[in-house]
Structures are given as structure tokens and as C-alpha cells.
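Peer 1: Letter by letter, the chains look like this.
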Amino acid sequence: MDEGRCRELKTRSADPAAVEMLGVADREGFATIWDRYEKQQPQCSYGQLGTCCRICSMGPCRIDPFGEGPDRGVCGATADTMVARNLARMAAVGSSSHSDHGRKVALLLKAVASGRNRDYRITDEDKLRAVAGRLAIPTEGRTADEIAVDVADAAIGCFGKQDEEPLVFAEKYMPKKRFELLKGLEEKLFEATGAKMGFLPRGIDREAVDILHRTHFGCDHDPLSLVAQSVRCSLSDGWGGSLIATEIQDILLGTPKIREVKANLGVLEEESVNVVVHGHEPVLSAKVVEMARLPEMQRAAEAAGARRVNVVGMCCTGNEVLLRQGVGMAGNEAHSELAVMTGAVDAMVVDVQCIYPALADLCSCYHTRFITTSEQAKIPGALHIQFDEHNADAIAMRIVRTAIEAFPNRNKARVFIPRHTATAMVGFTVEEILKALGGTPQPLIDLIVNGTIKGVAGIVGCNNVKVQQDRFHRGLTEELIRRDILVIGTGCWAVAAAKAGLMDQSAREKAGPGLQAVCGQLGIPPVLHMGSCVDCSRMLNLAGGIADHLGVDISALPLVGSAPEWTTEKAVAIGTYFVGSGIPVHLWPLPPILGGPEVTKILTQDARDVLGGWFFVEEDPAATADQMEKIIMERRAALGI
Amino acid sequence: MKRIFVDYKKCLACKACETACAVRHHPSGSLVGALGDRRTEIDVRVLGIEHESFPLACRHCDPADCLSACPSGALARDPETGAVVVNPDLCKACAMCASVCTFDAISFKETHRARHGREVAHKCDLCTERLKQGERPACVAACPSGALVFGELEQNRTQRAARSLRTYLLGEEGLPPLLEAYRELRRKEFAARRGEKG
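In the order they appear, the protein sequences are chains A and B.
Take my numbering: the last position of the first sequence gets the number 641, and nothing is skipped along the way.
Take my numbering: the last position of the second sequence gets the number 198, and nothing is skipped along the way.
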């Protein structure tokens, strides 16, 4: 490859494994997200400004941002109405995706506890009892199944209940001061405006449907009211759907423990059957890992000429099985096509969310079986093996067999696995963090109070083709730890940090002196992997635990959030529930709101006074870290520390 | 002579001009008819140059290099509108016009106006038929943000100059502040993608 092209490919990803694979893509003539992105240029600014409304058939309408053309849609909707409605719909979709994931595990727990499902079991009874305790469900003298039925019912109730009371999960998990603030805010806003606006989520499904209703033609046009409902719906995700997903997955599949794994494409094995599990829901992928380890599968793999069946993860399904079963992590979202191009993937098994449909065509250029499994995510060109929790073992086994059968068709001459992996210490759930601290958050609080650690930054989410892959994740993380700010996070950020070696113990050398000493003492890296994107609830939980321990609101704590390479509507919901929980959130790339001056003001300024959390936008990692540090220092000063 | 002027900072890359052009030049005169029809002629293309976008079409130069270069007399100037127009029946598809065009605004394909299934030159005709009916070109009429303006050069120049001078002399605001922010952040986004510091 000529030097110029090589330089160009390096601008696509900060990960050397990706750059090597992009060379393969070039040689073979495969299009990737980066090529398709180029072909999409220039992208429409109305969409990027949020001022394109396609809600009714009198439209589509657009507002002229230069103030010379139309300043209203046909119905009279202003730019701010359009922006707020579009944003609300993004929050509703994001929240629904996480929450629907949570619904499935809640239903599964019920089925397991009532003896209707024998493929899964209650793996972590301690966690079950802890969750029950939190929800004030009696545990004394009761069997695990009896408790689990009640926990499952409580969770299922959060989705479909019709009264006006807050979700029981939100009420029991949210720190007291935050709960009171949101409740008081509803009253205050009613007094000030005479109009009802709510923040505490009543029903998970209801809050999303509420947005679908109020953004229908001719309903809610008030930017503030629309933003308030977006916050409520997002909170129904963070303190509802996602939280339920995390807690019940821990009960069913086990609460992750601290362990070491390998991350990056180098986890693929030339001599093994490689199965990549990609998507978000671990209920199936955990089974695939389990079945792949059975002796009969080992024998089948050997019979096909392979060393073993090597299941590796991708995206958040990857995070889930990496945390619980210690499999290798092949990569984050932007790695999905690149993994197939190694020619060494025998099956890519996907469930839901963040799966490029382009994978179907790409897999057809190799021997790779592209297997869809979810009723909610079918992709033309894929082999669909319908997953069913009630027949999970058999289906997972069929999937593993399909991969083994594909192995002999692999063209060995075409295999190229970039030799990049990094070691990552993962599995820092709230339980594990507390255990490391001796059972109470007090030591962490002391470290923050005495300034050894200035504060904590939670980073989440995605790769985005508009940002050089992992550049912002790596850059921001390094900048923060250098400033003695502990970094925790989830999702594709976590994979980026793992691949970059930032979750290895040796990364503490990159941390400031305070954080470095703490890491040395506790034997942890300065960057903590807390899980998949539904596991952002673990971050809320940690923040909430500290807030309650100190008897303050989350918004008083020196915490900040960031989604520096965000792509999805789920990230909108996550960012919004962080803000609604009192945490300032940095975003890059630009969210589609700048076309609405009032909405922009509400989200970037007014929210600060009202919720204690707000959004800000910044392109440069160092400048972002500056702003985050400034916020942390301001909060420390306000606390008098 | 009236021309289409491009105020590129106002182009939001919505491509309404492309769609309007396609519909205008399709025999059905409808979007449904033009959809999926490979012979549909689109004579304006919104090009992305980093974070900027620019709707590119024939500038109808006078004198026009393409017109001088055409060996078969397929290109001519419409006396009424001054537009450089193609007669596809005479076009030999030699591509001399495209070779000399400063703006790369001439394409070739089998359009609905091409006979005998041949590829012929196609380019913006300034919607001469519409102009003769007192209408503006289809792309200009469709542009929702005022990036495309049809008018006399002098008048347009004076208007634009006066608007700019209000900013320089009176300190009046140019673009709305959030739009300035949007443009600046987009510039940074593209600079970062090139591996440069914003």
C-alpha cells in the first residue's frame, strides 16, 4: 500500500489492529462503514440541526436556520418544537431498547423461579437476596424460587403498571435526595406554570408510549415539557429497564467478578473454530459459551480439524460474556466488519442492537455463517436460527455445530489475524468495588475528600465513524487519569480502553501520582470496566450509594459523564438519565439540537439549575478533560473539600 | 443576464435541488416516475468538500469553452436566456466538452432525451422552458435555505455586498450564533478526521 493511503487509513482508527484490517479491506475491495460514510457526504444539515420534521403527511417540513425562509412548519411548529420532539423520540427509542432487554430477563427469571424454564437457573442467590432486600421483599425463611418470583413480579410490574406512583425499582434504588428533588420539582413546576410535568417514571412502557403520544401530530409543542418527558422516559431506563436488566442478569448468570481477559482481534485463533457473539443480550451468548465448552463440542471441533471452539465477544454481548465467563473480547462496534475480514471467523452470532446489516453481504464473501437469532433483529442474507429461552441449550448447541461445520470451508490462505491483544482487568461491579474497599464506599470517599483522587468520570458508549475509532475514548481517558480522576465506564468505550491497555495494571503509570498510588495499593488499574451499556445502571448505583452514604444528592458529588463517540439512540437515553440523575455529560459528535435555540439552552444551561446535570459539547479530548476537571473542582469546592 | 448564484454557507446539503432537477427533467414530471429510473437526468450535484457543501452545476459561461470545443454542434446558446444547452441528437459523446469544462459540470449517460440508446452529454439547461414562463429554475425554487439564488449578477452582487458590509461596518451579526457554532464544530470534526488538530 502506498504511504498516502496508509496515512489515510490511520485517520480512520487509532487502533493498529483496525488499520491492518483496513489494509485487507482495501486489497480485497470490501466497503466498510468508513467507505459508506464517505459516500454519504455531504450529509443533510437539517437532520444534524434537528429541524427536519417528518411527523405528518403535510410535511416534511424544515426550518430555515438563516432566518430568511420558513420559520414554522405547515402546522406552525417552531424549530424548537421540532428539535424537542425529535429528541424525545430518540430518548424513547433508546430507553425502549434497553428496557425491552430488561423485560426479557425479568420474564425469564419468573419462568425459572416458577419451574417453567430448566435451561437457566438462579446462579447468584446472594445477589437475589440483596435485590429482594433492596425492594423490601421478604427473604427470611423463604426459598430462592419464592423470592425470585416476587423479584420478577416487581420487575415485570415496573413495565406495565398503570398507577401514578414511581417505579418501585426507581424508588428503592435512587438515592433519597435525588428522589426528593425530582418529586419536589414536579410540584414546583406545577406551582410555577400551572401545568403538570413529571420526572419520576411511572411505568417503563408508559413513559415511552407517552412520548409516542405527545409527539404525535398536534400534541405537545412546548420544548420544556417535551424535554421533561424525555428525562422521565430516560430515567425509566436508567433506574428501571437497564437496572432490571443488570440486576436480574446477575441473578441468573452470576454477578461478574474481577478477572483478567484479552482484548482485540488477536483473540481469534487461527487453529480454532471461532465464534463471535455480537449484540447486547447475554441470555443466548452465555449459553453459546457454555455449550462450546462441552466435551462433545470439543470432540466435534477436533473431528473437523480444529483445536477447539473459541467463543469471543464483540460489542456489549461481548462485554457481558467477558465479565461473567472470561472469554476474549474481539472488539467494539467498528471492529465488527474487520473481524469477519480476518477470514478466521466461522460464525458471527448476533442478537439485538448495533449490528450492521452490511455484515450479511460481507460474510457471504467468506465461509463465515452470519447467524441472526432474535425475533427483533432479522437481517436479509443471514441464516436465522430462532432463539427461544425455553429451548436454549439445544439452540445454542445448534449454533455451535453450525460454526464447527463451517470451519472446514475456511480458506486458510486467506486468514489474516492481526497480532494485537492487550490484557484487561475487568468486572468492576459495584459489589466487587465495595468488596475491594472492604465493604463500604468510605475508603473511596476518603480518597476523594483528601484529594488523592479528584473525582470520578463515567464514560460510555459507541464508536462513531465521524470520529477516528477509539481516538476520543483513549485520549479522554488518558487525560483524565493523568489528572487523578478515576475513570469508570461501560459499553464500546470499555472495549476501546481494554484494547488500548488502559485496563491493564501497568496503565497506572499513565495516571497522576494520587491515582497511581491508590491503584498500586488496591492492585487495580486506573480505568475500571463496569460492564455493558445496560450496566450504566451500575454507575448510577455506585453514584447513588455514595450519595446516600453521605446523605447528599448525586449532583453534589464530583462526578462527570461523557459519551465521546456516541452513535445510538440508546446513548441519548443514557446521557439524559445521567443528566436527570444530576451528572453533567459531555457529548461528541454534535447532538441534533443546535437548530433549536431554546432546547439548546434548556439542555446546556437551564438543566444545570434545575437538575444539577447538563450537557456540553466539545471536540477535543484534552479540552474536554479540562472542562470535566473544572466541573469536578467546582463541585469539590462546593462541598468544601 | 440572470444566473444561478450559490451562497455556499447556506447550503445545508439537503439535496432538494437534486430532486427538483430530476423531477423537472423527467418525462413524467413526478418524483414517483423518476424514482429508480436509471435514465433520470440530474444536472446539479451537491458535493461535500470537507464540512462545506456546494451544489455544483453548469455556470453557463460566456464564452463557453465547452461550446467552442464541441465538434458536432451539439452545444448551443439559448438566445433568450443565455443558457448553454445540449442537443442530444447531435451529440457524439466525444467528451471534449467535459474535458474542457472548468467546473466538471457535464456528465454522460443514456437519458430520456437520448435516442437510439446512446449515451449523450447532459448538463444543466437553466430550466430554459421554466424561465420562458417567468419561473425560476427548479433547483432555485426548491432550495429551502436560500443557498441558490437566481438573478442579475449586479443586483445579486450589490445585495450580498451590502449584507456583508452591515457585519463589517455596523457589527451586525452574520449567521445566527448557534449556526456559527454548528459550522465551527463541524469544521473541527472534519479536521480531526483528517488527523489534524481542530
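Check the hints yourself; a few may be wrong.
Said to hold, decoys possible - DMTMM-like mimics (lysine to aspartate or glutamate), calculated; alpha carbons at most 20 Å apart, straight line:
(1) A:Lys161 <-> A:Asp145
(2) B:Lys188 <-> A:Glu165
(3) A:Lys435 <-> A:Glu260
(4) A:Lys466 <-> B:Asp78
Unchecked claim - Listed next, the stretches of chain B that the computed footprint assigns to chain A, with coverage defined by at least 3 CB atoms under 8 Å from CB atoms of chain A:
(5) 9-15
(6) 28-35
(7) 56-67
(8) 183-195
Quick caveat, the hints were computed from the structure, so don't treat them as lab data.
By construction, the Cβ of each residue, glycine as well, lies at the ideal position given by its N, Cα and C atoms.
Peer 1: Hint by hint, note whether the structure agrees.
Peer 2: Status of the hints after comparison with the structure:
Between the alpha carbons of lysine 161 (chain A) and aspartate 145 (chain A) the distance comes to roughly 23 Å, so the proposed pair goes past 20 Å and is violated. Distance hint between lysine 188 (chain B) and glutamate 165 (chain A) is unfulfilled; the C-alpha atoms sit about 46 Å from each other, more than 20 Å. At most 20 Å may separate the alpha-carbon atoms for a hinted pair to count; lysine 435 (chain A) and glutamate 260 (chain A) meet this at roughly 17 Å. For the hint linking lysine 466 (chain A) to aspartate 78 (chain B), the alpha-carbon distance of about 45 Å lies beyond 20 Å, and the restraint is violated.
Residue count for the region 9-15 of chain B with a Cβ under 8 Å from a Cβ of chain A: 5. That meets the three needed, and the coverage hint holds. Counting residues of the region 28-35 of chain B whose C-beta lies closer than 8 Å to any C-beta of chain A gives 0; at least three are required, and the coverage claim is violated. For the region 56-67 of chain B, the assignment as covered by chain A is violated, since 0 residues bring a beta-carbon within under 8 Å of that chain's beta-carbons and 3 are needed. Given as covered by chain A, the region 183-195 of chain B passes the check, having 8 residues with a CB less than 8 Å from a CB of that chain where 3 are the minimum.
Checked against the numbered hints given earlier, this structure breaks hints 1, 2, 4, 6 and 7; the rest are met.
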